Structure formats: C-alpha cells, structure tokens
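*Asks:* These are the residues of each chain, in order.
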Amino acid sequence: MIPPTGTPERAAALERLTDRAKFIRLETVRLSRIAGAGHYTSSFSAAELFAALYYSVLKYQSAEPRWADRDRFVLSKGHAAIGLYPVLADVGFFAPSVLDDYTRLGSPFGDHPDMKKIPGIDFSSGSLGHGLSIAVGMAFAGRVGDRPYRTFCMLGDGELHEGQIWEAANAAGHYRLGRLVAIVDRNKLCIDGFTDDVMSVEPIEDRFAAFGWQTHRVDGHDLDALLDLFSGLPDKPDGPPQLIVADTVKGRGVQLMEYNPDWHVGNLVGADYDNVIVEQQAGLRPLEATK
Amino acid sequence: MTETQDQAEIFGGGATELRDKRSFDGSDVSSIPAFVFGEELADLADNDPRVVVLTADLASANRATDFAERHPDRFFNMGIAEKGMITSAAGMASCGYVPFAATFASFSALLCAEQIRTDCAYPRMPVRIVGHHSGMSMGFYGTSHHALEDIGVLRTFAELTVVCATDANHLRAVLRASVDHPGAMYIRLGRGRDPEVYPTVPELTFGKAIRLREGVDLTIFATGSEVHPALEAAAILADEGVSARVVDMHTVAPLDVDEVLAAARDTSAILTVEEHNVTNGLGTAVAETLLMGGAPAVRFAKHGVPDEYIPVGPPAALYAKYRLDASGVAIVARELLR
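Protein chains in written order, with our numbering: chain U, 1 to 291; chain F, 1001 to 1338.
Simulated from the structure, these hints should not be mistaken for lab results. One thing to keep in mind: the hints can contain errors.
Unchecked claim - In silico negatives: residues of chain F with every beta carbon more than 10 Å from chain U:
(1) 1042
(2) 1180
(3) 1214
Stated by the list, open to error - To be clear about the criterion: a stretch of chain U counts as covered by chain F if any three or more of its residues have a C-beta under 8 Å from a C-beta of chain F, and this derived list gives those stretches:
(4) 121-129
(5) 193-204
Unchecked claim - Simulated restraints on C-beta separations:
(6) U:98 / F:1111: 37 to 43 Å
(7) F:1070 / U:98: 43 to 49 Å
(8) U:265 / F:1296: 50 to 56 Å
(9) F:1288 / U:61: 45 to 51 Å
Given the structure is predicted, the values throughout are model-derived calculations rather than measurements. Using N, Cα and C, we set each Cβ at its ideal position, and we do this for glycine too.
Using the sequences and the hints, build the whole thing.
*Replies:* In structure tokens form, the structure reads like this:
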C-alpha cells in the first residue's frame, strides 16, 4: 500500500499527500468561516497525519462504512474533526456538499464527531481521555472475533493529562494489544499555554514504554518519514501495542497561529482570512528558527 | 447467617459457600441472585457469540468468575479501572458485541456517569452496565460504597434503559431480554441475597411493569430489593383489612406510564418504595407521571432514604432504621392511608 522509498510511485504518493494536507488546511479555514469559529490549530498540526492515514495507511471501504474488517480510527482529540470531515468526504464516505451546512442547526457535523450521523466516524468523541479506552475495546473485539483489522487512535498531547488514558495504556500493555496503534499529536500546546507548563507530559515514550508499549518518535509534518514509519510498523496480534509520538506544531502552516495559544479556537475575519488563504495556497514554508 | 458473614461474602472472603456453592441456610443456590449472574451470562454466551463480560477486580464479588471459567477468551478483567472498563465496553459494542460491564453500583453509576452518558447512551451502544450491591447493601463499608443516587443520576440520561433486578429468576429474565434490546442499559442489582419473589423466570418486557398482587385501597410501586418487602407488607396489611396492589416497577426508565395512571384510577392511594433516595428515584418518576399525566387526585407518598448520607451499620439494621423492611413499609402505608 505504501510505495518503497526512492521509487516514482513514492514520489507521486508524497506529492498527493502534500496536496491533500493543503486541502485539509484550506477546508478547515473554509468550514470555520461557516461556523463562525473553529479549532484551526488542532487540525493544522494533524493535517499530514490525517493525509498519511487516510490516503496511504488505513484499510477501509468508503462505500461500506461499517465493513467489519476495516481498520478502526478513533479521533480521541475530537476537536480536530474539522480537519477529518473533508477527508471523509474526499475519499467518498459522503458527498462534499453536505459540509456546506457545517454546524448549522440540524447538520450532522458538529465541532466534535458523531458516529450516529457521519459515515466513516468509527466512534463519537469530544470528551478527552476516552478514545484510547474505546480503541482498547475495539482491539479486544478484534481479538475475540479473530479479525485482521488494526485500531488507530489519535490523541492530543494535552489529553495525556487525563487519568483514563493511563487506564487504557495499562490495559493495552497488559493484554498485549499488538494491533493497537496510538498516535500522539505532540503539538506542544493546550488551551492555557504550553502543554508542559500546564502539566507535564514528557517523557511520553518512557511513560508508555513503562506500560509495555513499543514506542516511535517522528516529525509529524514529514510525510516521507511518516510513510517510512507506518510501512515498518509491527502488526503482531499479541505483540506490544504501538505508540507514535508525532512532533508537530500547533497551527502549522499559518504563521500567526503557529505556537500561539490564543488560536486554540478562533475566527478568521477580513484581511486575515484572505491572507491565510494565500499563505496556505503557497504550501508549507520552513519553520522559523525562533519558533 | 451472621451479619459479619453477610458483609464478608461481598468480596468472596470468609465464605466457604462461595467455593462449594452451598448457601448458608442450605437453600438451592439457583434462587440466590449472586450465584446466577455469571452462570446465566455463560449460558447466554454458549449460544450467542456477542456476549462478553468485563469487570474491575470484582469477579469474585459479582461471580463473573463463573463466566470466566467457561468463556475465558470473552472475559476481560480491567483491574481497578472502572472508567476504562465502561468505555472499552463501548468500544467492543461498536464492533458488534454485547458487553456486560459489572462493578459496584457506587462506582459503575457514579464514578462512571460521564462514560455511561457519552460513550454508551449517546452513541446507542448496547453496553449493559451492571451495578451490583446497590443501595445500602454494603452497610458498614460506608458512603463511598453505598449507591442511593444511581437511579437518579442515570434516569436523566436520554436513551438509557434503567432496570432493577428483583430476585434470581427476575435477574435471569433481565439478562436474557437485555441481549437484543437496543441501546445502552443500566442493570441494578441488590446485595445478591435478595429473597425469592418469582418462583419461575418471569415473562419480561422492559418498560412494562409486573403486577404481582391485586388490591383496591392502595397501590405500592416497588423496585429491585424492595419488591419482596412490599409484598410482605401487603400481606400484613391484608390481615388488617387493607387491600394493596403491589407492582414490580422493574424498569425505572422508561417508566410504565399506563400502569401508574391505572393505579390512580383504580386505587385511592399510591406509595412508592425503593432502596434509593427519595430526591430523584422511582418515587420522583411516578410523582411526575401522576402530575403531568392527568391522573385523578390520589394520596401519594414516596418512601426510601431521605436526603442525607446514611450511617454505617449492618444492612438489616439499616433497612429497619429507614423502614425499608416489611414492617416498616407497612407502617408507612398505614400512615399514608390514615
């Protein structure tokens, strides 16, 4: 599914994923304007992760959203759903036009995703700390039923403050849920400031390793590195669960938002909106050394 | 049975009967709810691959051990981690399973209230949250282990069915009927020693009350552990010339509105009885129904535990103190009819 490094197919895949990450950011800006507010920055940090997962890694059939052997994806940081909805539409779970009423009264699409209303959402989320326990249950189900699927769960770094995360981490290690993959979007910020100033989360890898997980660390905006990591990720039913710490930048791709806690939820208006569109159309530029 | 044995057996300690399956008084264990739970689920699982069981280090208290022995690959002990247990059960449910997640009612319903709402009820996951040793049945263990608010908390969650099991046969009926019931469900169990009300497994429909005794002067709506005392109280009252209808209101949410309104038409007084606070339990649900359902005026009282934290003590002493035993219920009924 993931082309080997150095092949033309790999280059084509990277070009496509880069374009899709740009699409995710642009759609996040568009949908936020419809709603009058949005979690821009939490979506921007995860844009490359969403792109890699949905266009290269996850096994699913968008025409059959409840396909029993699909890989599960739990967006535990549910506030980034604004970046996931456009992907689900783009890969065919529903018509893109239904997003035009995003968050309007009666829309299936709220700030946090609802599995009852949205094809492709494997579990509702929004209350931080729950998703990894959901994923543990999905992995239990895969084991009981002897199904081949994997379960992926995306967590926020601030979400690691939640105690229930560690109940799930412990259970996954104890039961050796080797087909469970947790991805921490380590974007360094939570609402009140830098995550580690508010409440420490590092060393994340050591913490999970102590619960029996195999851990990996990667630049979460480096698509080539992400494809390398996912293509080599162990998939052993009774092996250790897999943790990926993806180092990202909250707000990545919009200079005024990068590492800026004031933009956890915001609303772009006027010239700011136009400038952001232009900036994002140009694609990611290198992070400034000062950031 | 001494009160010390009574309190020790909750954790499976000091009670050889838990190992050899003989009851203290020699009665048939099939009539004892504590011995029914795990076995009935194991029986269901024999024929239904969807049935799985989770607990939080209380398999010896709720006898999920009986399930684990027969279906070890479908049993998950989550350790002392109740929130993770409820949410993981919801994850399993999303993959087609019907998980029964059991722990003390004080923890399942109160500690995990948000997990029940957000992960089970709201996404309509068929998780069966089992809260055992509810009410004041944990006696001397104190307020941390009492659950006198669980019905009140959970009946306010939309789309959550709240059911109280009455005795061993009723519990069997609840478990059997629960497997194919849509959405999430809270199953409230008593202390596991609740005396027999149903000599055989009853026909059971969730949301449909069971009328156990006819009467014309008074209707007693009881649920769970209070159904048996209510029936005994009705017998006491009958000797005094008072004719009491007794209804097992096993499903508190959704409530059997028709049965409540029928009671208001047929009898001149209504008494609700529950091992729960009276702030927001069965009594409150019945009162709301009477007021808003256009029922004729009746004398009404809701009986349970007042708005307070109860003292520690042996359960039997607590039931007597709060007039939740048969003679206490009869006294309250007389006061209502006076």
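*Asks:* Now tell me, hint by hint, if it's right for this structure.
*Replies:* To see whether the hints hold, each was checked on the structure:
1. No beta-carbon of chain U is positioned within 10 Å of the beta-carbon of residue 1042 (chain F); the least distance is around 15 Å.
2. No Cβ of chain U approaches the Cβ of residue 1180 (chain F) within 10 Å, the least distance being about 18 Å, so the stated non-interface status holds.
3. Residue 1214 (chain F), annotated as away from the interface, keeps every beta carbon of chain U farther than 10 Å; the closest lies near 43 Å.
4. With 5 residues having a beta carbon nearer than 8 Å to a beta carbon of chain F, the segment 121-129 of chain U meets the requirement of three or more and the stated coverage holds.
5. Requiring three or more residues with a Cβ within less than 8 Å of a Cβ of chain F, the coverage given for the segment 193-204 of chain U is violated, as only 0 such residues are present.
6. The hint said 37 to 43 Å for the Cβ distance between residue 98 (chain U) and residue 1111 (chain F), and at roughly 38 Å that hint holds.
7. Checked against the hint of 43 to 49 Å, the C-beta distance between residue 1070 (chain F) and residue 98 (chain U) comes to roughly 47 Å, which is consistent with it.
8. In this structure, residue 265 (chain U) and residue 1296 (chain F) meet the distance hint of 50 to 56 Å, their C-beta atoms being roughly 54 Å apart.
9. Between residue 1288 (chain F) and residue 61 (chain U) the CB atoms are about 47 Å apart, so this pair conforms to the stated range of 45 to 51 Å.
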